[in-house]
Amino acid sequence: MINIHKMNDKKTSMDTMRPTRIFSMVMLLLLSSTLYAQSYFNPLLMNQLGLSHSRDVALSGANSSDYSTAMNTFSNPANQAGFAGLKLSGSFGAITTNENRSFPAIDQFGDVVANNIYVVSKGLQNTFSGGATWGRGPLSISLASTPFLTPAFTFKEEIRGSLYSPNINRDPLVGYHYMNQAGVIQASGASFGSSFGSWSLGLGVRALHGVGLENEYGISVLDSADVSALAAGSSLLETESWGLDNSPLLVNMGVIKDFGLHWRISGSYQTAYSIESTRRSALPLYSNTLALPFVTWVSDSVKSTINIPARLELGLRMKPSNSLPTSVYVSLAYQDWTQYEVTYGDSLLNASFPFDNAMQEAFTLSGGVEHWVNENVPFRAGFTWAESPIDRDLSQAIISGGSGWKSGPLQFDVAVQLSSVGYRYIDIFVPVDMAPNAYENVRESKTNYSISVSYSL
Numbered sequence: 001m002i003n004i005h006k007m008n009d010k011k012t013s014m015d016t017m018r019p020t021r022i023f024s025m026v027m028l029l030l031l032s033s034t035l036y037a038q039s040y041f042n043p044l045l046m047n048q049l050g051l052s053h054s055r056d057v058a059l060s061g062a063n064s065s066d067y068s069t070a071m072n073t074f075s076n077p078a079n080q081a082g083f084a085g086l087k088l089s090g091s092f093g094a095i096t097t098n099e100n101r102s103f104p105a106i107d108q109f110g111d112v113v114a115n116n117i118y119v120v121s122k123g124l125q126n127t128f129s130g131g132a133t134w135g136r137g138p139l140s141i142s143l144a145s146t147p148f149l150t151p152a153f154t155f156k157e158e159i160r161g162s163l164y165s166p167n168i169n170r171d172p173l174v175g176y177h178y179m180n181q182a183g184v185i186q187a188s189g190a191s192f193g194s195s196f197g198s199w200s201l202g203l204g205v206r207a208l209h210g211v212g213l214e215n216e217y218g219i220s221v222l223d224s225a226d227v228s229a230l231a232a233g234s235s236l237l238e239t240e241s242w243g244l245d246n247s248p249l250l251v252n253m254g255v256i257k258d259f260g261l262h263w264r265i266s267g268s269y270q271t272a273y274s275i276e277s278t279r280r281s282a283l284p285l286y287s288n289t290l291a292l293p294f295v296t297w298v299s300d301s302v303k304s305t306i307n308i309p310a311r312l313e314l315g316l317r318m319k320p321s322n323s324l325p326t327s328v329y330v331s332l333a334y335q336d337w338t339q340y341e342v343t344y345g346d347s348l349l350n351a352s353f354p355f356d357n358a359m360q361e362a363f364t365l366s367g368g369v370e371h372w373v374n375e376n377v378p379f380r381a382g383f384t385w386a387e388s389p390i391d392r393d394l395s396q397a398i399i400s401g402g403s404g405w406k407s408g409p410l411q412f413d414v415a416v417q418l419s420s421v422g423y424r425y426i427d428i429f430v431p432v433d434m435a436p437n438a439y440e441n442v443r444e445s446k447t448n449y450s451i452s453v454s455y456s457l
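Quick note on my numbering: the sequence shown kicks off at 1 and runs consecutively.
Simulated from the structure, these hints should not be mistaken for laboratory data. Don't take every hint at face value.
[What the hints assert, rightly or not] Result set (BS3-like, lysine-lysine): computed pairs, CA atoms no more than 27 Å apart in a straight line:
#: 1; residue 1: LYS319; residue 2: LYS406
#: 2; residue 1: LYS303; residue 2: LYS257
#: 3; residue 1: LYS319; residue 2: LYS257
#: 4; residue 1: LYS156; residue 2: LYS303
[What the hints assert, rightly or not] Label pairs and their computed distance ranges (CB to CB):
#: 5; residue 1: ARG443; residue 2: SER198; range: 41 to 51 Å
#: 6; residue 1: LEU237; residue 2: ARG136; range: 52 to 62 Å
#: 7; residue 1: LYS122; residue 2: VAL251; range: 53 to 63 Å
#: 8; residue 1: SER407; residue 2: LEU139; range: 26 to 36 Å
#: 9; residue 1: LYS156; residue 2: MET318; range: 17 to 27 Å
#: 10; residue 1: LYS303; residue 2: LEU365; range: 28 to 38 Å
Glycine included, every Cβ here is placed at the ideal spot set by N, Cα and C.
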């Protein structure tokens, strides 16, 4: 939230800014607005969507040691070993994100008057996945395309004018800053698995490609008389479509060891990969002449290279001796985020700028239970504790559950997953030459819905 009377002595017109100043502000926007916001700070870290089939979502991904469909063979490609026949699967998912930001209104005596919620952002990300598995004897092969990463980010921030004491908490609404980043980075590829007695081995290869990647920035000004004047100097809303400059390949390797009918352990490894893209950038500013906020698009492109570290995961499956089928799953994943790197290249200055941030190692612990109430209806529940590579205070607890219905070769599954996180952060849109504050409280919640259908031949 921006109070105009506090900025009058610190505003700088866009016309007087040097190219180096423009670039530094663009970099500040890229790093601050995307590193420290929704869903583990998209899109520099990207929101990893690894789970697509409803069974995997309901079990929180803990079932990496057990075959569900072609879509989960990439978590551990060895889990398809021994599969016989042909199985076709498809899934539809919807991820909703709600974010509230509150800012303390402080009077002239330094007292907090109220915590004002000035950002209420609601985003919706749809995902689609599908695949097929064929097996005969000890060898099985899967083909699948699943959502892997998303840079999705939705933001709508109130812009307020200023009144003077005693109306410190009654500033009028004059407009909104608006930001929307959409799209999915899809992973498509093949995997195979083979069994050798009590051992199973697997290998998978996937290529990443962008689907509907788009950035949209702009403002909404409530005073219609000022809109025409503002539009003369900049566009109120602009959209940019972008894609990946490279074709990243991911290799997954897996191994499974069976210990009789009741115990199974597994291990899998996903190689590191890089994502390259070239995009323009939007710069939120404040116009001294118009006394209004505005957004300008920087004409020169900014190229980024993001290196994501490798992932190692261990899994366990236990089947108790119950009269009704029950399976218990546990998995532990590890990523060394100290190996994470981001490099920016500016086309105007013809230079590269590495971004250094104090990242740390992170573990993700997941557990799940599947119990078949009868031969047609399962009950599933899962839990995940995911450490944040940025700060331990941002670790998330994720709960999930689901069910389904099976009739002969046809099976339907549904699942829902819930998570939330709260933290304190600086203002995303920082006025030129002003230092950001650290008083904002952010509360984000996310819900993942999934429905899947499978057919066995």
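Comparing the hints with the structure gives:
1. LYS319 <-> LYS406: Since the Cα atoms of LYS319 and LYS406 sit roughly 20 Å apart, the hinted pair holds (cutoff 27 Å).
2. LYS303 <-> LYS257: 44 Å, violated
3. LYS319 <-> LYS257: 14 Å, holds
4. LYS156 <-> LYS303: 26 Å, holds
5. ARG443 <-> SER198: 41 to 51 Å: 48 Å, holds
6. LEU237 <-> ARG136: 52 to 62 Å: 55 Å, holds
7. LYS122 <-> VAL251: 53 to 63 Å: Taking Cβ atoms as reference, LYS122 and VAL251 lie about 37 Å apart, which means the hint is violated.
8. SER407 <-> LEU139: 26 to 36 Å: 29 Å, holds
9. LYS156 <-> MET318: 17 to 27 Å: 47 Å, violated
10. LYS303 <-> LEU365: 28 to 38 Å: 37 Å, holds
The structure fails hints 2, 7, 9 (numbered hints given earlier, in ascending order).
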